[in-house]
Every structure is written in structure tokens, then in C-alpha cells.
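Please work from the sequences and hints to get the whole structure.
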Amino acid sequence: MSDVIAAEHLSKWYGQVIGLNDVTLTLPAGVTGLLGPNGAGKSTFMKLVTGQLKPSKGRISVLGEPIWQNPKIYFQIGFCPEQDAFYERMTGLEWVTALVRLNGVGDRDADAMARRALEAVELLDAANKKIGAYSKGMRQRVKMAQALAHDPDLLILDEPLAGMDPIARRKTIRMIRDWGRAGKSVLVSSHILHEIESMTANILLINQGRILAEGNVHQIRDLIDEHPHTVYIRAEQPRGLARQFLAHDDVLSLKFEDEAVVVQTARPDAFYARLTDLAASGEIGVIHEVTSPDDNLQAVFQYLVKS
Amino acid sequence: MTPPHRTQPSLAASSARIFDLSLGQMLWSRRSVFLAILLGGPVLLAFVVRLLSSAARFGTIQVNGAHVAGDAVFGMMIWLLYIRFIIPILGVFYGTALIADEVDDKTITYLFTRPIPRSAVLLGKYLAYLACTVLLVLPSVMLVFFLIVPTGGGSIGQAFPSLLKDFGMLAAGLLSYGAVFAFVGARLKRPLVVGLVFAFGWEPGVMLLPGYLKRLTVAYYLQALVTHQMPQNSAVNTLMQIFREVPSALVSVLSLAVIVVATLWAAGRAVERREYVLDQ
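So the protein sequences, as listed, match chains A and B. For the first sequence, the numbering used here begins at 144 and goes up steadily by one. For the second sequence, the numbering used here begins at 27 and goes up steadily by one.
Among the hints, erroneous ones may be present.
Computed cross-link-like contacts, DMTMM-like style, restricted to lysine to aspartate or glutamate with a CA-CA straight-line distance of at most 20 Å [unchecked claim]: (1) A:K215 x B:E298; (2) A:K279 x B:D131; (3) A:K273 x B:D46; (4) A:K273 x A:D227; (5) B:K132 x A:E225; (6) A:K200 x B:E301; (7) A:K197 x B:E301; (8) B:K132 x A:E231.
Because the hints were derived from the structure by calculation, they are not lab data. Just so you know, these numbers come straight off a predicted model, no measurement behind them.
Below you can see the structure in the form of C-alpha cells.
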């Protein structure tokens, strides 16, 4: 299969500010992770790939065609944006159905496709609830549902795991891997290496508007282990969680913030696996939200740029 | 999964679907609540007039010392309150926000990453604006009509045909102002300020002046569609009659149609070409 995304000397600037600087790359079919800290140019790249922005210089083609002012290509693309923005008064089902209808699908088919997509993200039970009443994780999942409802060839997911609880996070990671195995292409962005690594080995590293590296970057994994990884967990019983964490020597520090515990760990893989098991067991109550600040990755990037 | 549908919907079909998606959002927005309250103003005024005229001392309403029948008062309210004030307000507040609301709410991404022309988003939202404003204006005008026309012995039955003409004029006003301000919203920065200056600075200003400038207003063409006679015995009215140059109804309708088509086309083109950078 030909390249899914091809950029040639692609640049984008906003007035005097450079968002993306002379990027030339090709992305193969399959799952690709776009990894970079906040302000690295991930969102600019995503917006260029999805045709929301016009390149200031250079060219970008998606699935072999230019994307800017080419609406018919959106039949083949599903986009899950980063922003937490919805028509709050609509139910999840109404919203996904209304968006699928924009793909030229009839009412009955749109309803069936929306239900299938909501089922895929395990949100069918809450399909008739107003989006305004959804939790952060449910909102993330309904965004995913609208992206995949029309069965696109290429899924573009901007920080899809942000704010999800551990179980939803694990399911979403599995889902993205499954799409890759099923022959779909996925471009997924994150500022958390651990997340991206759990989905794919094909990574694109971006910082300060430039692509630092692309391909199978296993070395980055060793680097991340040298830098403590911070995880913020908002939970029903943060102190109970903390007691569980303290039993393991990879946990370097702990602190409490309102209804949350902030943990520094030396081995994020092992930590996230334990956290997911704990959440699934229900021993320590409900875990509402798991996030990771991007300063984890920033330290690795600073190291990379210096070396 | 069933095979995906990949026939691009037409502009009309895409617009209709955007209309479906947008109407509910628009109707139940804070803007609609605020403008519904504004539209309650003429109803309240009509209610007060009706109360006063029902009292024994006031058989008919007097304007500038002259007795005026209920249907003429209704005509004045239509022109001064609705056409010259409320309709431009509705046009400015909804028209300039057709795309801006989606950008501010950051929901525009969902619409612009679908296989429909971006101009269909604008057109669908413009149609939703029309439906929404008609639903807001219609009850207000009806209530004013039923409260005001019977004062001074006016007949609702006789005045009813002119009410239908007034509805036509109001619809023409909503169509034209909405299209003009949709263009302002799509093309210019600070569209609300520009829209308000156009509606309440430029239009009333040049309407008072002799010459051709007034042809660059919407109000100039709308005034030709007014069917009601206004009281003529004040100095201001006499002065206004000197400069009053009214095109024929046919010219007005054609001109308004051109304004609607041209501004909507320009607005659609602006939306197609513009980049919308959303803050994260």
C-alpha cells in the first residue's frame, strides 16, 4: 500500500510564530504515534493533515490526494480532535448520528452506524444521555465514536486517551491496535511515550516544529526509564491508592492534591499495568481520571536535542 | 461492518443536514432567550396602548396631535420597531455568529472534517437562523396585531391581508439582513461592531441624506414594501418626505434578492478559503 500521509517541505507559521518548520516525511499504513511535548507542533501537524489549515509552504497529501479544500477525502478520514467541545444539549446518539448524516448517509443507516460506533467505544448504554452529563472519559469516547462511525480508512486521533480512566484507557489502546491489525491506518498523537508505545512501535518524534526522528525508536524507551514519570490520579480513595503504590519500589514519590494523588514512578509500564488491575478489581473505589503532565517528555526531548 | 457510503451529498442536501443539526442549538441558545425578551418589548407596548385606549378617556390613539387608527399604529410599529430596529438586531446578532459561534465553541472541527463543502455549513446555519428568527418574530407580531388593530374601532378582518404583506416584508428583512451580516461575520474581524455600526449608524444616517448612498442600504429597498400610511403632519415627516425616494416594489424585491444571493455567495467563498485557528 502507498504512503498514507506524505509531506514535502511542509511549513506553517502563524504571523511571526512558526508552528511547523520544513517537515518532509512519509507515513506508511498502520498505526503511527506522533509524540511531542506541548507546543511541539503536534496540533499544527494534525490540523494540516486534516485540512483545517493551509500550508504556508510545501505540500501535504493524504491518501494520495491534497487535503486542503478537498472535502470528498473526508469519506476516508475520521478525526478525533483534542478539544473537549460538543453540542452539550444533544445525546451521544443524536450527535454521532447527526455527524454521520453529513457523510451523505440516510437517517436509518446513520442511526445504525452511530449505534455500532457507540458500541465499539462501549458507550451504547449511555447513548441516550445528554453529552453535557457525560464524564470526561465518556466525552473522549463519544469523540472517538464520531470519528470511526463512517468506517474511515485513516483515523487521526489527537490525544485520545487524555482524561480517560485506566480501564477505558486500556480498552482504547487495544481498540487502536485492533484497527491497525484490521488494515486501518491510524495517526495518534500524545505527549506520553508510554501510551504511544503501547499502541505502536512506529513513532514520529516532533519538537519545536521539527521532526526529530521517525521509525521504530526503541531507544527512546530506555531514555524514558532514566527520567521519572509523573502521573496524576483523581480517585474516590486517593489515600487507599497511595498505600497500594507504596508497596512497590518503582514509586519514587507521592503527594496528595484535593481528591487526587500525584505519583512519580521510575517504571511507567509496570505502574500503569498495576493501576489498571487495581481499577478493574474495584478494591480502592472508583478511579475518575488519569493524566500525565508533559514535563516527563520534555526532559527526554531536552536530552535528545542536547545529545 | 456494511460498506461505507461514499457519494458526496449535494450542497442542498448538506445544507439541509446542517440545518437539522443547528436549529435546535440555535433555538435554545442564550442569544435566542435574550432576543425573545427583546421581542416581548413591542408586545408589552401594544398591551399598554390597548389598556389606555380601552379606558374611557382614550377612544383612539393620537400621534403628533392627530387621531390615528389602530391599523396605522400597527403599521408604524412594524416599520419603526420591527423593520428598523428588531430585524437588524436579529440579523446582526445571529448573522455575524453563524460560523463564529462554532469557532468559539470549538465545534467547527466536526463540521469542517466531513465530506461536505464548507459553504454548506454556512448555508445550513443561515437557513436555521431564518427558521429560528421567524419562530421568534411571528408570535410577537401576531400578538401586537391582535392587541393594536382593534383600538379606535379598527377591524381585524379588514387589516388581515396587510398583516400577510407585513409578514412578507419582515421575511425579506430577515433574509437580507441575515445574508449581509453572514458575509460580515465570515469576512471581517469584529463583525458584531461592524454590523451594529452598519445597522444603526450607516443605514439611518444615509437614509436621511439625498443622493445615491441610500441605495447601499437594505432599509432603502425594504421601505418600498411598506403598505401602511404614516402620519404626515409633523415637521420631521415633512422634511423626510422631501428626501424620500422610494423604488418600486418590483425593483426593491429584485434588489433584495440580489443582495441576498451576492452576500451569501461572498460569505460562502470566504468560509471556503479561510483558515480557522482554534485555541487549545
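Subject >> Violations among the numbered hints >> reply: Those not satisfied: there are none.
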